[in-house]
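Residue numbers (our numbering), protein chains in the order written: chain D, 1 to 362; chain P, 1 to 362; chain G, 1 to 362; chain E, 1 to 362.
Accuracy of the hints is not assured; some may be wrong.
One copy or two, either will do: identical chains are not told apart, so a pair holds if it fits within one copy or between any two.
Only pairs whose alpha carbons sit at most 30 Å apart, straight line, appear in this in silico DSSO-like list of lysine-lysine [to be verified]:
(1) Lys179 to Lys73
(2) Lys179 to Lys258
(3) Lys307 to Lys147
(4) Lys258 to Lys307
(5) Lys165 to Lys179
(6) Lys258 to Lys165
(7) Lys73 to Lys258
(8) Lys73 to Lys165
(9) Lys258 to Lys147
(10) Lys73 to Lys307
No wet-lab data here; the hints were simulated from the structure.
4 protein chains.
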Amino acid sequence: MKNTFGTSVAVTIFGESHGAMIGAVVDGLAPGIPVDAAFIAAQLTLRRPAGRISTARQEQDAFQIVSGVFEGKTTGTPLCILIPNTQTKSKDYAATRALARPGHADLTAYCKYHGFEDYRGGGHFSGRITAALVAAGAVALTALQGKGIRIGTHVARCAGIADRKFEDLAADIAALGTKSFAVLDEAAGQAMQTAIAAAAQEGDSVGGILETAVTGMPAGVGEPWFDTLEGILSHALFSIPAVKGVQFGDAFDLIDAKGSEFNDPFCMDGGTVTTATNHNGGINGGITNGMPLQFRCAVKPTPSIYKPQETVDLFRQENAVLQIEGRHDPAIIHRARVVVDSVTALALCDVLAGRFGTDWLA
Amino acid sequence: MKNTFGTSVAVTIFGESHGAMIGAVVDGLAPGIPVDAAFIAAQLTLRRPAGRISTARQEQDAFQIVSGVFEGKTTGTPLCILIPNTQTKSKDYAATRALARPGHADLTAYCKYHGFEDYRGGGHFSGRITAALVAAGAVALTALQGKGIRIGTHVARCAGIADRKFEDLAADIAALGTKSFAVLDEAAGQAMQTAIAAAAQEGDSVGGILETAVTGMPAGVGEPWFDTLEGILSHALFSIPAVKGVQFGDAFDLIDAKGSEFNDPFCMDGGTVTTATNHNGGINGGITNGMPLQFRCAVKPTPSIYKPQETVDLFRQENAVLQIEGRHDPAIIHRARVVVDSVTALALCDVLAGRFGTDWLA
Amino acid sequence: MKNTFGTSVAVTIFGESHGAMIGAVVDGLAPGIPVDAAFIAAQLTLRRPAGRISTARQEQDAFQIVSGVFEGKTTGTPLCILIPNTQTKSKDYAATRALARPGHADLTAYCKYHGFEDYRGGGHFSGRITAALVAAGAVALTALQGKGIRIGTHVARCAGIADRKFEDLAADIAALGTKSFAVLDEAAGQAMQTAIAAAAQEGDSVGGILETAVTGMPAGVGEPWFDTLEGILSHALFSIPAVKGVQFGDAFDLIDAKGSEFNDPFCMDGGTVTTATNHNGGINGGITNGMPLQFRCAVKPTPSIYKPQETVDLFRQENAVLQIEGRHDPAIIHRARVVVDSVTALALCDVLAGRFGTDWLA
Amino acid sequence: MKNTFGTSVAVTIFGESHGAMIGAVVDGLAPGIPVDAAFIAAQLTLRRPAGRISTARQEQDAFQIVSGVFEGKTTGTPLCILIPNTQTKSKDYAATRALARPGHADLTAYCKYHGFEDYRGGGHFSGRITAALVAAGAVALTALQGKGIRIGTHVARCAGIADRKFEDLAADIAALGTKSFAVLDEAAGQAMQTAIAAAAQEGDSVGGILETAVTGMPAGVGEPWFDTLEGILSHALFSIPAVKGVQFGDAFDLIDAKGSEFNDPFCMDGGTVTTATNHNGGINGGITNGMPLQFRCAVKPTPSIYKPQETVDLFRQENAVLQIEGRHDPAIIHRARVVVDSVTALALCDVLAGRFGTDWLA
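Chain D with its partners taken away, still in its complex shape (with noise of 0.2 Å):
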């Protein structure tokens, strides 16, 4: 289904980096659920680029709901959300053109689109396309804080620089919150933060590990073959820009672990079975088993550096020397944990609606 992502709750993308506008529809919500103009600005917020770390180009993100929305709330027909472009500066492109940018899609799109594709700015494959993905992903967030399911991602790695792990989830995520560069430690925080304007200093840039947490999903969701909780998420997880990896509890960080280690033993609490340790990330046999969903992205490091690359002209078929121009991130994990949210909330919202039926996060 190519830009459209889910079944029973399904969002569907569009627009490119230089285009009038980028925007989201997201059908099969259910009908009542708050839609809150001022949570949809906050969390575009902060997926905004700020401060030395980030580009120069400044969007205000001034989204507009056409539609699946009546007073005040989702009519359970497709929201859609429309985000215009405004600060672009397609000049910057041109001349460029030709030159495949390494770790970038021009060549791929060039490829698939046979030079028909918009090119400025990396056209539909900006990471400016996500705006439209948090947006869309705050209305599921706020569906899910309906039904006490909370998300919270944390750079857990970024240049080397390790944030501490999740402790207390309930109080973390909270304070996660509206955080600008989202850490639990700050200390280790202001380290990376430090760390990128330095790769900044030298034309470079860095990436590192997102790690996120979900609290309050039912036990029983997800799919024993193909649509496993993993297949799904990950599915959705991989088409944020730059992320190259996915692991589901501990994964490749105990994978020289026994069996007996890595198995997660039972436990009843109070009248609830639990366990006590969480290495399988919440979920057996595709299927969550009611502790908390964790799991880590890799995000590789921004592929626009202003370093000389060595790439190939695609028009003449022959080697080339590119230096990229324009505005650039030397780092976007920190702008990318919101991403996460959004699409693990749609992801989200999308099997517990198949699961539990259609009405069932009003």
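For chain D, the structure is supplied; the task is to place chains P, G and E on it using the hints.
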């Protein structure tokens, strides 16, 4: 779609560990693909347990293709492969039915299916069902081979021991061929098997990392959002039991690198655009760039261990101690490699048929 | 998705007329639905040819359920039903292989599958495959019955002879039950069968109209656009061979009416909104209104006739005359009625599980 | 997928009659298809009400394409078209909000959306939303035209008056072109319009039959089961408001015919297989046979009439009498014909791109 994966080429699987048969339906295959029973049998042998490091359950996997093949070739209509279960010892499971095995899907199945699930031997969650994937995947592998696309997977790490990396992909993939324990460095493989046997001796289990390479994929396949090639492949790969992490290219392994290190510079190689490095695993912006696909799957240690484990009694809702009986593998990673190849082949057939039309794979 | 239909409850079918077996996989059924082998067998009997007005091929339809049922109930995992083919006389078909039978899919199969199709007896296009739909549909019918939803179909018209219309739906649906020639007016049914026999005598065939009623559907099921209940049902119904038209309510029959005649006025009936008439067939704006669903399927005359027919030789690409041999039905409408019930039940299970969640049908 | 239709080429629609805008996203279009704003505008004009036989609401349909088009051609990424609503008079509806209009979706929307629906002017159920389908369909029509595929629809019957049948398809389709009241026989068209005006005079409405022909479709497109071409097209067509019946070829019209009459004999015509008659509407076994597609849609009379109607008050749950105010059409069949063309074009683009690959339509 639960137990069905794919759109243009779709595979549906069914069966339980101790039911009459398991099987797969593959729909959307181009007409005219040769179906080689000997190759299917050989692939099933790769998945079948063997030797001291495997379960004692021995299935002959006497598969039967009951539709979709005529005069040795695919017809283009749904191909159904059936594999009878013969070595079922259901009484092994009745005694401990109520005790949720840690790391397994017993608890989650109970939450989802309310006790109606076939609990014997993991039922529909059993690794046994992967035999159906392997049989179906064998046909997909043949189709891809006809188009010059080769897939190879090795045990890159097991029980803390590392295999060497891929070097000459064509030679390495060919060499992996029908190895029962697929490593590139036989010494490493011997050390791994010794470690597996040692874990078995302790009643414990181990996991590791499977690394896959795919050569010959045309550039321009995949989608920018949601149906990125990473998203499609990971969706499929996470349904392999025990896979808890998937990364493309170097992701987590190079997470501290700078953009200037992670970007793969393009260069002309004859008339073709290629990259000097392949940190992005052959995918930019969700789309193949013509380089080999490379990805790694984290395979957690087999959850079935013989050590006593703390758990809960699902019926009495009280704490209990579980001592697993039955026949189990101290490691499944070497058996899982052909499952990875199979699932990868099925997913690639799907995206290729979607991109180039339903006859392309013939 | 080709041979798979449905999202929340999905059915996949496979098989060829002269292959080893045909079958169906039904995925997404709620756990705990009783599976009654005797009822499945009875439904298959309704589809099976009988008497002077049917083909001489007699299959026992000795079906086997190989997965998804445990201790007499659905498990919630995919249910696979297999039905062996035993009465295959493939030599009937070899002689006329090259001659495309008019009204059949021989030509179109050849265009689509390039000669790789199993041509014997219509191959995958054969009405034989509807036995798999009937077996699968029987489970769906049981699930619906558990929720108070009843489906009945009668031969409303055949060979120019009309049955009476539905009157008391509950009584009429019950009466249709296991009739081998399902009419509401037995005299009309006798006249139809006489007309069928007369057509058979001439080496010709007849068609007609099947009319279906569904009682007990909750209001509020269906979607305003695309996945209207009419769209979903017609999508499923048109895959029944020979169905070439579908109408809901009175559609073509009242095509010259005014709005004041066609609109169904609402009125309170006890505490429930009902309509005095049902010209809209229980659906407004694509969504059930709580009234019975009513629709009619146009079933074209069976294309297999014994009269000489002009056609082309596909291999020689020249005109030819075809004289069909083999065993064929002069009418299939009375056998198709249980297929309509089955397909309707599967489609309704899908929309109901999507609307109310995967456990609703249990 | 609710408000999304299609797999290879998918259209998503959104909007309400009295919301800010309506629109459509079309995904999966081949890159390089010319996008002609004048043609889109012309198609929208065909749908727009005009003259004494239409509603007084006049929208300019000043559409804007905000993504997916670059330098006049499709990019291959999602194309979003927005159409603002300007002529909304919402106060017309508030007074009668509680009174479910017979034949409309007010009751069913209330059952499905629990009162959260935008009730003004039919909300998301309004025929207004078909403008988005027409705009999207215009691009699909252009793509098909580039491959030699032409679609034409005429008012075959209205208010009891019949148009002549299709004769010379190429000439007839060309002649229908931009007629505001599309008939093949102008005298019949005048009589129909007179009858519509007479019905309007009485405060009543009329319906009829739209007949469509498609030339140039390659043979071998469609699937044997479920995704038959009839199933795909009917699924799409039934989402057009007021369409309650769909038949392919002669279906209901020749329901009393014998097989020898209904079968279309094949014959060679030059190097091509053709049929002398086309009772099967160009489709055998769910797959195109190379002959023109022909189908008919039953369009029920517009439910909005000015006569007093019996209904219920949804809030008070009691009987009531409704006197509709506002601006309504005494017939929509002539406006619906361009919607049929549009929906048909979108569905055919989907099946063609699925069959021949995503670049085929360029």
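Hints, verified against the model:
1. For a Cα distance limit of 30 Å, the shortest separation of Lys179 from Lys73 inside one copy, 27 Å, qualifies, whereas the shortest one across copies, 42 Å, does not.
2. Taking CA atoms no more than 30 Å apart as the test, Lys179 paired with Lys258 passes between copies only; the shortest distance there is 25 Å, against 38 Å inside one copy.
3. Within a single copy, Lys307 and Lys147 get their C-alpha atoms no closer than 48 Å, and across copies no closer than 39 Å, so neither meets the 30 Å cut-off.
4. Taking the shortest alpha-carbon separations for Lys258 and Lys307, only the inter-copy value of 11 Å comes in at or below 30 Å, while the best intra-copy value is 44 Å.
5. For the homomeric pair Lys165 and Lys179, the shortest alpha-carbon distance inside one copy (17 Å) is at most 30 Å, but the shortest distance between copies (41 Å) is not.
6. In this assembly of identical chains, the alpha carbons of Lys258 and Lys165 lie at most 30 Å apart whether taken from the same copy (22 Å) or from different copies (24 Å).
7. In the homo-oligomer, the alpha carbons of Lys73 and Lys258 never lie at most 30 Å apart, since the shortest distance is 50 Å inside one protomer and 38 Å across protomers.
8. In this assembly of identical chains, Lys73 and Lys165 lie within 30 Å of each other by CA distance neither inside one copy nor across copies; the values are 37 Å within and 45 Å between.
9. Proximity of Lys258 and Lys147 under a CA criterion of 30 Å is satisfied in neither setting, with 37 Å inside one chain copy and 41 Å between copies.
10. With identical chains, the CA atoms of Lys73 and Lys307 are never at most 30 Å apart, being 49 Å at best within one copy and 34 Å at best between copies.
Taken one by one, the earlier hints fail for this structure at numbers 3, 7, 8, 9 and 10, listed in ascending order.
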